[in-house]
Amino acid sequence: MSLLLQYLASGIATGCTFALVATGFVAIYRVTRVVNFAQGAFAVVGGMSAFALLSHGLPHVLAEALAVLLAAVVGLLVGLGAIGRRGTPVLASLIITLGIGIGSYAVLILAFGDQPVSFDGVGGALAVAGVTMPRQFLLVAAVTAAAFAALALFFNRTYLGRALTACSSNPHAARLVGIDTTRMGLVSFALGGALGGLAGVLLTPLQPVAFNSDVGLAINGFAAAVFGGILRPGTALVGALVLGVAEALVAGYSRASFQSGVALVLMLALMVWQASRRPAIAEDAA
Amino acid sequence: MTPLLSVRDLVVRYGQATALDGVSLELGAGEMVALVGPNGAGKTTLLNTISGLLRPAGGECAVAGRVAQVPEGRQLFADMSVEDNLRLGAWTVRDRSPARVYELFPPLAAMRRRQAGTLSGGEQQMVAVGRALMARPDLLAVDELSLGLAPRVVDDLAEHLGRLNRDTGMAVLLVEQNARLALDLCPRAYVLESGRIAASGPSAELGQSAAIRAAYLGGAMDELQ
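These protein sequences, in sequence, are chains A and B. Per my numbering, the first sequence starts with residue 1, numbered consecutively. Per my numbering, the second sequence starts with residue 1, numbered consecutively.
Calculated from the structure, these hints are not laboratory results. This one's a predicted model, so the numbers in the text were calculated from it and none came from an experiment. Glycine included, every Cβ here is placed at the ideal spot set by N, Cα and C. Treat each hint with caution, since some may be false.
Looking from chain A toward chain B, a few residues come up when the C-beta cut is under 7 Å (computed) [said to hold, decoys possible]:
(1) 123
(2) 170
(3) 173
Could you put together the complete structure from these sequences and hints?
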C-alpha cells in the first residue's frame with residue numbers, strides 16, 4: 001500500500017513536469033498551429049543552465065529564475081527561426097523546429113558538456129501517511145499549480161492573453177482588428193520556452209538531465225498535449241498526470257525500461273481514437 | 001481638400017492571378033459610398049487592400065485616417081464572449097471600453113457574456129459592426145452586410161449605419177451583392193467588374209442605367225414580367 005502511494009507521488013511529480021512541457025506545446029500550437037519539436041530542448045536548456053549557474057555560485061531561486069528566462073529567450077529565437085518570416089508554411093516551420101531541436105545537441109554539448117547533470121533541489125522528506133515524500137515532489141506540484149493558475153489568469157483576464165486566444169480562435173479576424181499575428185506567435189514561442197525551462201528546472205533535481213533528454217520529455221509532453229487536441233492546457237494537465245502516474249506504476253511493478261513505451265502507446269491510441277472522431281491536429285479551429 | 005480614401009490605378013495580384021487591374025476610387029470624409037459588382041469582381045480584395053491586409057502590386061491606396069472592416073461572414077472570435085470580441089476591436093486604440101457600442105446597440109449589452117458563436121446571424125453581424133466601431137474608424141468598410149440575413153434584420157442594420165454616418169460623420173464604404181439595398185442607402189456608387197471599375201456616379205443615375213439594372217437589380221426580369 002505504501003509502495004503504491006510512493007509510486008503515485010513520484011508519478012505526480014514527473015507528471016507535473018510533463019504538464020509544463022505539454023502546455024508549452026499547447027501555448028505555441030494554439031497561436032501558430034506549429035507543433036514545436038524543439039519543446040523538449042527548452043527543458044534541457046532550463047535544467048542544464050540552472051546547474052551551470054548554481055555551480056558558479058549563484059543562489060537558488062535566482063539561478064532557477066535566470067535559467068527559465070534564458071529558456072524563454074531561446075524560445076523566442078526558435079520562434080524567430082520558425083515563424084519570423086511572414087507566410088512561412090506551417091509544415092516548413094515544423095521542420096525548422098525539428099532541425100533546431102537536433103542542432104541544439106551540438107550547442108548544448110559545447111556549453112554544458114556531454115554528461116548528465118543534476119543538482120540538489122529542496123532537501124529532506126516529509127512522512128505523510130507512512131510514506132516518505134521528498135520535499136522536492138511537493139515543490140514541483142506547488143510550482144506547477146501556481147504556473148497553471150498564472151496561465152489561466154493570463155489567458156482569461158489580460159488583454160494580451162485574450163489577443164493570443166483571438167489569434168487561435170480566428171487568425172484572419174485577429175489580423176483585421178490590427179493584431180500582428182506573427183508577433184503574437186513569437187510571444188507564444190517565448191512563453192513555450194519559459195514553460196519548458198520551468199519543467200527542466202523542476203525536473204533536474206529529480207532525475208539527471210543530459211543534452212539528449214529532450215526526446216523523452218517531448219514525447220511525454222506531446223502525448224499529454226494530444227489529450228486536449230493540443231489546444232486545451234487544462235486537459236493537457238490531466239493527461240500529463242495520468243501519464244506520469246501510469247509510467248511510475250509500470251516502472252515500479254514491471255520494468256523501468258517499459259516506462260517510455262507507455263507514453264508512446266498512449267499517444268498512438270489517443271491519436272487514433274481522436275482521429276476517428278475529429279482530426280487530432282485540426283487544420284483550423286473555426 | 002484631400003479625400004479620406006484615395007485609390008489610384010491599383011493593381012493587386014494573388015501570385016499569377018490579377019484580382020484588381022487599375023482600380024481608381026475616391027471617398028471623402030463623411031461620405032457613404034456603395035461598391036457593387038458580381039461574385040469574384042475583386043470587391044473583397046479591394047477592401048482588404050484598403051484595410052492594409054494586402055499589398056498592392058502597383059498603383060497606390062492612401063487612407064487619411066483609421067479604417068475598420070466588417071468582414072464578409074462576420075469572422076467573429078466564435079469561442080469568445082461578445083464583450084471580448086468588442087474589446088479586441090480596440091486593439092489599435094487606447095480606449096477599450098465597449099460602453100459606446102452598447103449605447104448604439106443596446107441588445108449587445110444584454111448578451112455581453114454570451115459566446116459570440118452561439119448568437120443568431122443578425123446578432124453576430126451586430127457584434128461584427130460593433131467590433132469594427134471599437135477602433136473609432138474614420139472609414140468603416142463593410143463587406144456584404146446583408147449576406148444570409150433576414151430582410152428585417154438587414155433593414156435595421158442599414159438604418160444603424162445610415163444614422164452613424166449622419167451623426168458621427170464616419171464615412172462608410174459598403175460592399176454589397178444586394179445592389180438595390182446599397183444604391184438605396186448610399187448616394188454614390190462604383191460598379192466593379194473583373195477587377196476594373198465598370199461604372200461610377202450618383203446611385204440614382206446608376207440605378208436607372210439599363211445595363212446595371214439588368215446585371216444587378218433584376219431589371220431585365222422585371223421587364224420580362
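Tell me, which hint numbers fail for this structure?
1
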